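Visitor: This is what each chain is made of:
Protein chains: 2
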Amino acid sequence: MNIPHGATIPLSLNTVTVKERWGLADCIEGCARHAIPGISPWRDVLHAMGVQAAARRIRDAGLVVTGLCRGGMFPAADPAGRAAAIEDNLRAIDEAHALNARCLVMVCGGLPPGSKDLPGARAMVREGIEAILPAARAAGVTLALEPLHPMTCADRSVLSTLGQALDLCDRLGLGLGVAVDVYHVWWDPDLEQQMRRAEGRIAAFHACDWLVPTTDLVFDRGMPGDGVIDIAAIRRMAEAAGYNGFTEVELLSRRWWGEEPDHVLAVIKERHAKSS
Amino acid sequence: MNIPHGATIPLSLNTVTVKERWGLADCIEGCARHAIPGISPWRDVLHAMGVQAAARRIRDAGLVVTGLCRGGMFPAADPAGRAAAIEDNLRAIDEAHALNARCLVMVCGGLPPGSKDLPGARAMVREGIEAILPAARAAGVTLALEPLHPMTCADRSVLSTLGQALDLCDRLGLGLGVAVDVYHVWWDPDLEQQMRRAEGRIAAFHACDWLVPTTDLVFDRGMPGDGVIDIAAIRRMAEAAGYNGFTEVELLSRRWWGEEPDHVLAVIKERHAKSS
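Protein chains in written order, with our numbering: chain A, 12 to 287; chain B, 12 to 287.
Calculated from the structure, these hints are not laboratory results.
Certain hints may be false.
Any copy, or any two copies together, can satisfy a pair, since identical chains are not distinguished.
[Said to hold, decoys possible] With a straight-line Cα cutoff of 27 Å, these simulated DSSO-like cross-link-like pairs (lysine-lysine) come out:
id: 1; residue 1: K30; residue 2: K127
id: 2; residue 1: K285; residue 2: K30
id: 3; residue 1: K280; residue 2: K30
As the structure is a computational prediction, the values presented were derived from the model and not from experiment.
Sequences are here, hints too, so could you generate the full structure?
Guide: Structure follows, in structure tokens:
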């Protein structure tokens, strides 16, 4: 493969990366200060600012919203819980539309509390997506199904592989895409084949790194370059599949949450320049 | 599916389950005391007793050796390291033969230190297995390839899925089988299909449970029944694929290592009777 890299890959900041110290206004200003052209807000910081105000400030700052995090979390123990999840997802679609976000990132949800019924939870995910897809299509919001690492299967996402996400895309049709986060897919022996299959359907590309050792199942993601993931190789697969969009850095890390955010952004910029 | 269950599933104790307090002699006596008909030693406790003495005592106690843990760990940074791994695996084959073990469980190894070359590590695994397979065949020892949970990909096993293990079986031929540990495979959206494909090739069936939350990537496995894995459903898949052997309980758990081993064995027996 011989795709040229370099300064051509635009960078986006996922707000969770600095969530302990910065609200959305700080993130918007921080992106401008560090010349980071993309931003991907989580809904908690978005709601804190207000959706319309946020849309205006992000637009005024000239930032692209590479995604809104997150929709999903469909499985629930009872029909009322599942209906509430669908309602919340419809609000998220409206918010993604208001932000002109490239996609709404879907973290689909784990097993309902006390359940061991994995096929049942997967059916709830499929039904949830089916229920909101007409609204997403009407709003022009791409739902980016994000397979999450299998270690999150019980409590965050029964959608575990890119192949499984693409099966859902095939089944449910237009309006769906996938969010490829290298942290969640790097280990997959089927990755190359599924990335080819994802051609034209990659709506987001997320980067962080797998640390050795990893000391926490959720909050120990590594800064790109500090771990073992060949991020550049996976990015090349995405580009070969037609994706030329942003690389969004999304770190859930107690270690980096403890650092001064301007320093975190500087390190992200440096690593991104080095790896891309 | 309507396969009868009950007292018909024989139980085996993997020695790592009580490793903090019991050596191999204690485990052999404990199995006899608790009427557990199978045992699966790790090589550290085996070496501490001596292979010939262990083989004799296990035979005298009337126990079936459901597996020897473990061979594998092939990837290394240099040829000398890879050759040393192969030598060690040849010794493990001799030991499994001496114990009349149903299989040698293969934990294939992660990335060499400092490497991000996952395809390269997988090639080292394949080459390592190819190198030892003639000796395994000659000794009549089945090499049971154990896919490990993707969260172990960096440091323990680049063999992550049952499908990948069966691809290796297909490619390398006779003398290979798979070890199905529910902890490692329960999340896999392709599990049912791959379990069918595994027909006649399941050499071992391991059980423990996935806890919510899981607080450690290695040492927080749950006692069967304490987590979210539908162990009985996966066991039924194994039986539909022709496996009628032992269920081996293998717990790596700081919590259970702190308990009195006779209590641990009693709980295992009780849970096994309930779930099978």
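Visitor: Checked against the structure, which of the hints given earlier come out wrong?
Guide: 1
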